[in-house]
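Q: Spelled out, the chains give:
There are 4 protein chains.
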Amino acid sequence: MRNRLRYGMVGGGKGAFIGAVHRRAIALEETAELTAGCFSSREEVNKETGRFYGVAEDRIYSSYAEMAQKEAAREDGIDFVSIVTPNHTHYEVAKAFLEAGIHVACEKPLCFTIEQGLELEKLAEKNGLLFAVTYTYTGYSMVKLARELIEKGEIGEIVNVNAEYLQEWLIDEIGGGAQTTTKLSVWRTDPEKSGISNCVGDIGTHIEDTVAYMTGMHPRRVAAVLDNYGMELELNANILVEYENGAHGVYSCSQVCAGHLNGLVIRIFGSKGAIEWVQEAPDRLLVTKKGEAQQIYCRGTGYVSGRASETNHIPSGHPEGLTYAFANIYHSFMSAVCKTINGEALEKEDRDYPNIHDGIQGVRFVKAVIDSGSMDSSWTEV
Amino acid sequence: MRNRLRYGMVGGGKGAFIGAVHRRAIALEETAELTAGCFSSREEVNKETGRFYGVAEDRIYSSYAEMAQKEAAREDGIDFVSIVTPNHTHYEVAKAFLEAGIHVACEKPLCFTIEQGLELEKLAEKNGLLFAVTYTYTGYSMVKLARELIEKGEIGEIVNVNAEYLQEWLIDEIGGGAQTTTKLSVWRTDPEKSGISNCVGDIGTHIEDTVAYMTGMHPRRVAAVLDNYGMELELNANILVEYENGAHGVYSCSQVCAGHLNGLVIRIFGSKGAIEWVQEAPDRLLVTKKGEAQQIYCRGTGYVSGRASETNHIPSGHPEGLTYAFANIYHSFMSAVCKTINGEALEKEDRDYPNIHDGIQGVRFVKAVIDSGSMDSSWTEV
Amino acid sequence: MRNRLRYGMVGGGKGAFIGAVHRRAIALEETAELTAGCFSSREEVNKETGRFYGVAEDRIYSSYAEMAQKEAAREDGIDFVSIVTPNHTHYEVAKAFLEAGIHVACEKPLCFTIEQGLELEKLAEKNGLLFAVTYTYTGYSMVKLARELIEKGEIGEIVNVNAEYLQEWLIDEIGGGAQTTTKLSVWRTDPEKSGISNCVGDIGTHIEDTVAYMTGMHPRRVAAVLDNYGMELELNANILVEYENGAHGVYSCSQVCAGHLNGLVIRIFGSKGAIEWVQEAPDRLLVTKKGEAQQIYCRGTGYVSGRASETNHIPSGHPEGLTYAFANIYHSFMSAVCKTINGEALEKEDRDYPNIHDGIQGVRFVKAVIDSGSMDSSWTEV
Amino acid sequence: MRNRLRYGMVGGGKGAFIGAVHRRAIALEETAELTAGCFSSREEVNKETGRFYGVAEDRIYSSYAEMAQKEAAREDGIDFVSIVTPNHTHYEVAKAFLEAGIHVACEKPLCFTIEQGLELEKLAEKNGLLFAVTYTYTGYSMVKLARELIEKGEIGEIVNVNAEYLQEWLIDEIGGGAQTTTKLSVWRTDPEKSGISNCVGDIGTHIEDTVAYMTGMHPRRVAAVLDNYGMELELNANILVEYENGAHGVYSCSQVCAGHLNGLVIRIFGSKGAIEWVQEAPDRLLVTKKGEAQQIYCRGTGYVSGRASETNHIPSGHPEGLTYAFANIYHSFMSAVCKTINGEALEKEDRDYPNIHDGIQGVRFVKAVIDSGSMDSSWTEV
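Listed in order, the protein sequences are those of chains A, B, C and D.
Residue numbering for the first sequence is 1108 to 1489, as defined by the working numbering.
Residue numbering for the second sequence is 1108 to 1489, as defined by the working numbering.
Residue numbering for the third sequence is 1108 to 1489, as defined by the working numbering.
Residue numbering for the fourth sequence is 1108 to 1489, as defined by the working numbering.
Okay, chain A solo, but in the shape it has when bound (with noise of 0.2 Å):
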């Protein structure tokens, strides 16, 4: 019986901030080691990577597909593989790893269409391999408290959803200037790289994602107006939203707000109370109670429980910040594909993460707001 794994990269060299950000997750967690990757196209960078971490010389691969199969020719290869490269490639590692039996961790976007999608749904169900696609925000303790309490009825039937999701960083680009002002926005701002959608496939995504998560509500239609201030792809959209059950709401996205970092923030309105979490203060959940006083409650304190409370780290007060949430979102995935290397029937949480079709849904909604984007925000169906 397995207790502890090996996993690969691929991407994530040294300098890159996403494949850090997976790595030391998987760290926290303290039961998988880095084994094997193709870390970089340059393969100076590659190697000095591999090096690094300790990844033995003949692990360390110069192409993603050698690595899949060599990997999975050993015996002692790799349990799961963390894809963390360029948003325009997801599709066809994924899909080699998938190939080659391996389970995968896949940044988000899953891919760039939804034909994609489906392909790779159902090349994972054919080999029997979990797929996480690493929606981060669902990973954090208090989104989960926020998903239970709305499951057991405390705010009554959602009939409103307020959410945004503003960030700032891309406010020079205003005006289509030529240069463009930071190394990250260069491939987002490329249509050949980034696909149809900017700002709503990078973040908008996040709140289609989180408010599922917590509601279990998917928009059955949208609305969108969006924004390009002279670039290719959009910087800003507002987006109205209908759910399969009639409610409402709207969603905000855009890279161009002054004062707002990483503005993710979620407020939930059911006929009995409200919701609200804001992704800066994550360790705080907002509770109002029809009649009653807001109150605040916070991580790690003795009236949270259920998942909020086993996915707990660090005394309350002190914050745990969204690496931890990164690694509550391996923690699950790393524990379903442990059990399933040990024939071992997953538990409920052993599935609290993001999948497959959790990322399928996402490039639908992209491909939606976009649409209707293009057609004078016209309702689009998801």
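No wet-lab data here; the hints were simulated from the structure.
Any copy will do: because identical chains look the same in the list, a pair fits if it lies in one copy or spans two.
Below are the DSS-like pairs computed for lysine-lysine, each with C-alpha atoms no more than 25 Å apart in a straight line: (1) K1446 <-> K1154; (2) K1396 <-> K1259; (3) K1121 <-> K1446; (4) K1396 <-> K1379; (5) K1474 <-> K1300; (6) K1455 <-> K1259; (7) K1177 <-> K1446; (8) K1455 <-> K1229; (9) K1474 <-> K1229.
The model shown is predicted, which means the values in this text are computed figures rather than measured ones.
Fit chains B, C and D to the known structure of chain A by using the hints.
A: Frame of chain A, contents of chains B, C and D only:
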């Protein structure tokens, strides 16, 4: 030369909320006296109110029409009238006083149809009369500061607006229960008395007015989705907005959002910065300049100048509250009335009150939103 | 039976801050009229102020002594006087009106020595007169709620108090520069006119009074460290407090804390919970019950009852501000005056204003703190 | 030249809180491996923990003394040890490793008496060893920013400090009930194991250390009032502070303040401005410059430079949390260890960790506070 005024009131019998606010706002200004009134259709309340405030017996009128005529005929007649009756009577009462040649301050909404609004406008112009519509929130000092900072270009060109006005007080109406929960809600949810709209007409219109005051921008068209939750009129509205300059925004208003008491929040995003104002903390204005830390501007401080400084009444850190916002509106209006009577020219600050054009704009906005809502959220011209 | 009152004012010439606050607070209550006054030692200002407020020519007095005598002699003389003169004159002015048999509302501090206070107290008792000392902050609804929750035992036995009153407006006095920065600061930093204390007498005393109002607890002894920063009187004080029940606390007051405008913050910790109130957000009260999430109680809501509900004036979410706190104090005081005149018995709510005993307690507290400061922070009995 | 390190751990058996924090903080840095340990006095836990982390069987030691000797004797022995045992054992464990010539990182408090501290200091110096005492909070980026802004004179000369560290977790100890409520509280309230102090030694010392780090100022003397509420050691302390430059301040620490989880709040007031930092929102620093609006500096933004920028790990708006603060401390310490081993000179940033002098200062501070408390709050030299 006059420096004090006489005013009359229609509505505002003892115990009525909005009448007291108007009376107290005028009292804070210390420059006008209540000298006539038709306070209630219940004669006893009418008499009792008038006597309580020291109004002479023969100037406590049983009908507003009689009041308009008799006051107009007196040499020491009232200089202006405050109309604080239920919404559906604003038009007729205002008309009577305009016809009698008396300046008017009228609680919002101005009236129910655009035609009525245009008629009142014409009448006021013909008779050389001033007409205030008391959209309260533009009276706050920090809203005036926002306006001036935006005028000066401190946040650049406006590219996005995100504004909301959320309340919780009608949450029990969800499901359309026959029994309404509060006295106030009775007429507000009765289409005969509240017109074509409930929530948008009551509070959504404040969003439009406050944003317009701050930015000078009016919506060119709107796309709205409304929720009635089983009632005759809407309790919730999410609205996409397109301004004349092509920028977009989103307005949300609701009376069923638990945890929100009087949550008017205005956020204006520009190409060089952003401004945020929250009605429940009205003495602060959040100002972010691109590339700098967010700043919390406070009322009454040395670095605040212009109209915000002129309309400051109490030292910084000592909350002024809503009544002073009302007082600021009355201050400008009464100053304008006084100068008009004296034959003096009006300064810019004398015109710093919401007038009949703002009132008409409000009626147009509400109609467009309701029309869009009834046409499956089609873009509708304002 | 009287239901309206006549009042006079000493001090409060046009442009004076605190006089206007008193006048407006009384105006909000709508039950008393300004009918006499000695508004300024500058005759022109005195006359102009009196005329502006419609005071009859023969009741605009050049001296407060004359005013006290003449008003006492009239059949329609004033029912009470509001004293809003500089601090060093409170004692003599109050004495004159008490001797004339007129009820007194006096701005704080009551006087400069305990002996003066006891003399005024005796005089008031002898003549059967009411005496309010306008410690503003106990007038706020949510302070009243704090008092009632504590009285009911909601936070158990009080074990610790942490309170502060921080301002920034005298920061330029640091170093004792000859030139003072504001007009207001001139007399406040002049020992002849401000007594033995600057900062503690001006604002520290509000901490003592507000805590005492909330908890019923007065300091038994204090140990204080004072900072003058080169000025004659202190600008900053940190004070250890021991209450009669043996519990301890700490009070900090300062006029040199950048970023703090009028930062009165009271935190009461008990064996079963805690309460926090912040003057700059006065409509909220933070209540924590042991083992539960912190709650944000808001003024004007359905779950707030008792005096906090009785003293509510505007719907929840619409900020009331400082003037209403003042009005609440005047409401109780004027109700008590009215009933006393009518020979009616006083109810508990009629006594809900800071009285001469609170004023004397303030004088005692300031003296003990200053004494302790001058004895290297030795514990000093209050 | 080494660029990776080997470390051992004493204490930190599976399930122990603080050991996991240290391990994870080191893991985030990605430059050291756990290669030896004596994790628990319970042999089973010791073995299980070592195996779980992949420590070789012969390097899982039953006694720390054996570990120190054997590791010192190996060529591939550990480079440093992390001591995360109960407080009363820190001294002896640290001594053993220093004697063996191994660098030490020790959880606070360093030890229980000043003599012990000085002995360890002498030993470290003699053997040329580095010694970190993990006062966590100085590891936060924004605390580093505060230090640099103050060093640069941005807030002028410091004139007042107001700092607190409030928790609620021992509120049930009030009254001295025999049954303690949590496992953690057992040894903390046992004088044999926790030394002369509970609350001040546990959290009050963090106030002293964090303020000293930010300002460079240490207390010259203190006057403290302590509350035991029926327990053997104090649960609450209010402390007047006088610094070497004559400025004053107040420190409050408590474990019985309902509503406060881990409420370390530091406010530094200077002649030109002020700085405020709140541990529960660690990515922000409130900065006020005299005469200007308060600013909210955020971690990871373009306008933040120096050490705060160097120690930034995740993009702004994505909360880093406590573990990164720990990691920053380990980063400097491990860099210093690495360079020392390599014979390289240390840079300023390599010394940016709390060292043995800070540890001794903490012991001195706690002793002075407790002494003052036992002498009726007399001023006591630190």
